[in-house]
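Protein chains in written order, with UniProt numbering: chain A, 1 to 434; chain B, 1 to 467.
If you're looking for bench data, these hints aren't it; they were derived computationally from the structure.
Each residue gets a CB set at the ideal place from its N, CA and C atoms; glycine is no exception.
Watch out, some of these pointers could steer you wrong.
Subject to a maximum C-alpha distance of 20 Å in a straight line, what follows is the list of computed EDC-like cross-link-like pairs (lysine to aspartate or glutamate) [as the list claims (entries may be wrong)]:
hint, chain 1, residue 1, chain 2, residue 2
1, A, K346, B, E402
2, A, K8, B, E402
3, A, K160, A, E229
4, B, K50, A, D364
5, B, K234, B, E303
6, A, K63, B, E303
7, A, K94, A, E56
8, A, K328, A, E344
Far from chain A by the CB rule (all over 10 Å, computed), these chain B residues [unchecked claim]:
hint, residue
9, A23
10, D24
11, M26
12, D54
13, A74
14, P222
15, V243
16, T267
17, K274
18, G289
19, V321
20, N373
21, E437
22, R438
23, P442
24, N458
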Amino acid sequence: MNADALRKLVNQCVRCGQCRSVCPVFQEISIESGVARGKLALLRSFLEGQEVPAEELQGLLNKCLLCKTCGSQCPSGVAADELILAGRELMAQKRGLSPVKKAVFSVLKNRKVFDFCLSMASLGQDFGIKRLPGKRLGAISRFPMPGLARRRVIPPFAGKSLRKQYPEVIKVNQPQARVAFFTGCMANYIYTGSGKAAIDVLVANHIEVVLPKKQHCCGYPVFTAGDAEDGRLLARHNIDIFSEVTVDAVITVCGSCGSAWRHEYQRLLTDDPVYLKKLAVIARKTYDIAEYLTEVKPINKNDLGEVNAHITIHDPCHLGARGMGVTKQVRQLLSAIPGVKISEMKEPGRCCGSGGSFNLGYYDIARGINDNKVADIAQTGADMVVTGCGSCRMHLIDGLVQNRQEHNVMHTIELLAQSYAAKQAGGKTQKSIS
Amino acid sequence: MNQSHIQQLIKIAGQDRICTEQADLMCYAYDSSLDSQLHRYMPAAVFTPKNAADVSPVLKYCHEHTIAVTARGAGTGQCGGSVAPGGGLVIDLSALNRIVEIDTDNLQVIVETGVVHAELNQKLAALGFSFPPDPGSTKMATIGGMISYNASGMRAMKYGTTREYVLGLEVVMADGQVITTGGMNCRSLKTASGYELTKLFVGAEGTLGLITKARLKIMPLPEKKGIAVASFAKLGDAGKAVVEVFRHKIVPSAIEILDKSAIKAATLYKPSIKLPTDAAAVLFFEVDGPPPGVTYQAQKIAEVCKSIAIEVNWTDEPSQVKTLWEARSVVGAASGRVRPGATRVYIGEDICVPITNVGAALEGIQEIGEKYNTIIVTYGHVADGNFHSAPVIDLDSPEEIERVQQVGDEIHEMALRLNGTVTGEHGVGIVRAKYMEREHGPALAVMRTIKKALDPRNILNPGKMGL
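One chain only, chain A, in its complex shape:
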């Protein structure tokens, strides 16, 4: 988006202040520059050529979760999160990215180097981190690390990435459909259990799974930081890779990855008709796993075994009502599992404070937002939190540990996979708190 088009859109904000009532960041820091109205006012002044300190503006634009709450409730129809994102791109062009982001992205955009680095990290991590007791995937750094709060609970990397655990095509007898699995980084390198669960459930439903080995990060952390150029690089790479496979659908297990395919790539590639055309073919058949298993290939409830679990559900911003719109499908799947009791928390769609890398850069703010979420979770009396986003999962686990809560956090598909496993084991009840 060019600066003039951006300025015109920013002008649509009538400064009514409704975003103040819903912005999680503002609710933590209570200062006008923290809310969409303030950020848009500054951006507007900057675009009009007024003296706005560029460094301060760039910092303030980064202080946004992109949770889409403001945009979804703006009576004037201003998609503030998208304008803030456009502002970040503009500032990145003018001022560049921080050296840390630059270094991280330069590794990230090279698939082989990225893969190698994370493999090495998984080998050496036990020297640097101390795993938490229990079954939650959490660890604490043994040494101070730049950009990471000392008490921050992080997940350890998987010993072997998901894509290395499987062949490129996971065949089934008499396939009823063929899907490509876009794993995303979280399911590939960290929460491989959720990726494995997705494959298990798809296979149990006689669906052949293609796991393109050359797929790469969806680019969300890159283009949301304002690096649109590298975001396009990743988008084009993934579009090429997924255009090569003949499948009925592309499945994601993360709201942000799914949103990238459905919404963000289109925005990034507006001026690239060739790739837009290729994208359209894939985007229209991209589904979150919960959506796919309810709306496209509905599961047979008779295949589900009992899982004893009292759960509550957190709807990630990019998967839920403000993103892919996948909320009721998650509940449909989970409520079909015998033995599962769902206690809804207050405002399940309220942002958990993770915001991708936001929780690393602004840990205290993210912690405050998450503490409210954890309090909502505790109030339900549930034993476990189920969600459909790895980043939320990581931040929720940190919050639960910091607040001395015992809950584990799992991906929706993992609970469903447990249910299939219970049935296959002969109807034995599975304890899900594991």
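For chain A, the structure is supplied; the task is to place chain B on it using the hints.
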């Protein structure tokens, strides 16, 4: 205000409570008014107190050094009332957001003034009560701002404005002294003791003192609500219908009007609501009370309007009532949607006229729009003659900006000509200060005398209301 003042204020208030970063200051240079989009009213510093007790020493210092102080809540004002044209210190009271006490037995609450209206009413609704003044900006307006501008909203005709619900206040005076109006330990619902200082601060726009706490009257929630929607072929007919309803001894809890453009804005915002898009205006009549009374009143309204309106429908189904009110409450902010690429601006947006002049005012606004070739979305609280006219313009066009300023002037002039006022509930601030003399005559001099007595150095929100 110089650097030494800022350093002293940091010593008094604490490093983390005084902002001086340029970007932060720029975010306190505006409210919703067009005026503050055209001018940048930069404060020298912003103070964000966490507790009411933090305010007094800061004000004492500012008084001693004659530093201008402008109080600010959510900054949702539309008349430049909470910006600082002369610089100085802006005090952002957003963080004073505790509900101190809810006493339903005595029909009152005590709140800090940064509490947001909707949050208070959500808490009260769970207990079966409400703070009746109901501004369209319920989700963002703070109680302090509502008191300072005597906000009201849709239900003022039946339930009154904020003024009628303020029982007492904690006020930090210009010199830092903290006073309590309405009696130190008083918890009564009325008083005849002494000057009515409480009401003096209501609508004073922060020029006489800085309000940090308020004791407010609350009311039980009505058992039921219903809504009759009537559509009209002519704007004037809508005005006639309002008068007829009162003549038939019905007092609706709200009567709201949406003109043709407002219907379009509401429909664009929420396509699910079905409003007659071919009508010149629709009226929403809300009635409340015990269920049989609601049915009786709604049917009576339908009967009265039948001969004037094109169509009348009514519902008491709570979700339909809620949807209609939601659509109504966002018309203001959604107005810009009627012209792609343009923006709704706040100017001439809050006149109030006698009920008998409602029709003339509505038609007058439309004529002004035509004269200046400007789209004006009009909606508002027609029950008490209070309209919100929303000009929609291209902010990139200096010519349109100039024209809309003339539109604002003409609307204000018309209100005074029709024996009305330039503001029914949004206040005077900077933008309507020029009409104070004409509207109040010698009474303005009395206001100035009061101001001088309470704030001799004129540090509190200077320049506002023509003071």
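Hints and how they fare:
With a C-alpha separation of about 48 Å, the suggested pairing of A:K346 with B:E402 is violated against the 20 Å cut-off. For the hint linking A:K8 to B:E402, the alpha-carbon distance of about 19 Å falls within 20 Å, and the restraint holds. With a C-alpha separation of about 30 Å, the suggested pairing of A:K160 with A:E229 is violated against the 20 Å cut-off. A distance of roughly 18 Å separates the Cα atoms of B:K50 and A:D364; the hinted pair therefore holds under the 20 Å criterion.
Note on B:K234 and B:E303: the hinted pairing holds, with a Cα-Cα distance of about 19 Å set against a maximum of 20 Å. For the given pair, A:K63 sits about 56 Å from B:E303 by alpha-carbon distance, which is inconsistent with the 20 Å threshold. Of the pairs offered as hints, the one joining A:K94 and A:E56 holds, with about 13 Å between alpha carbons and a cut-off of 20 Å not exceeded. Of the pairs offered as hints, the one joining A:K328 and A:E344 holds, with about 12 Å between alpha carbons and a cut-off of 20 Å not exceeded.
With 10 Å as the threshold on Cβ separation, the claim that B:A23 sits away from chain A is violated: the shortest Cβ distance comes to roughly 4 Å. Not every C-beta of chain A lies more than 10 Å from that of B:D24, the closest at about 5 Å, which undercuts listing it as non-interface. With 10 Å as the threshold on Cβ separation, the claim that B:M26 sits away from chain A is violated: the shortest Cβ distance comes to roughly 6 Å. With a least beta-carbon separation of about 14 Å from chain A, B:D54 lies farther than 10 Å from that chain, consistent with its non-interface assignment.
With 10 Å as the threshold on Cβ separation, the claim that B:A74 sits away from chain A is violated: the shortest Cβ distance comes to roughly 5 Å. Once the 10 Å rule is applied to beta carbons, B:P222 is consistent with being away from chain A; the minimum gap is 25 Å. For B:V243, the non-interface assignment is confirmed: its Cβ lies about 31 Å from the closest Cβ of chain A, beyond the 10 Å cut-off. With a closest Cβ-Cβ approach of about 13 Å to chain A, B:T267 is found to remain outside the 10 Å limit, as its non-interface label requires.
At roughly 19 Å from the closest C-beta of chain A, the C-beta of B:K274 stays outside 10 Å, upholding its exclusion from the interface. Every CB of chain A is more than 10 Å from the CB of B:G289 (nearest about 30 Å), matching its label as outside the interface. No Cβ of chain A comes within 10 Å of the Cβ of B:V321; the nearest lies about 19 Å off, and the non-interface call holds. With a closest Cβ-Cβ approach of about 20 Å to chain A, B:N373 is found to remain outside the 10 Å limit, as its non-interface label requires.
Every CB of chain A is more than 10 Å from the CB of B:E437 (nearest about 29 Å), matching its label as outside the interface. Annotated as non-interface, B:R438 keeps its C-beta farther than 10 Å from every C-beta of chain A; the closest such distance is 29 Å. B:P442, annotated as away from the interface, keeps every beta carbon of chain A farther than 10 Å; the closest lies near 36 Å. Consistency note on B:N458: stated as away from chain A, and its beta-carbon is indeed over 10 Å from all of that chain's, at 26 Å minimum.
Consistency note: the structure conflicts with the earlier hints numbered 1, 3, 6, 9, 10, 11, 13.
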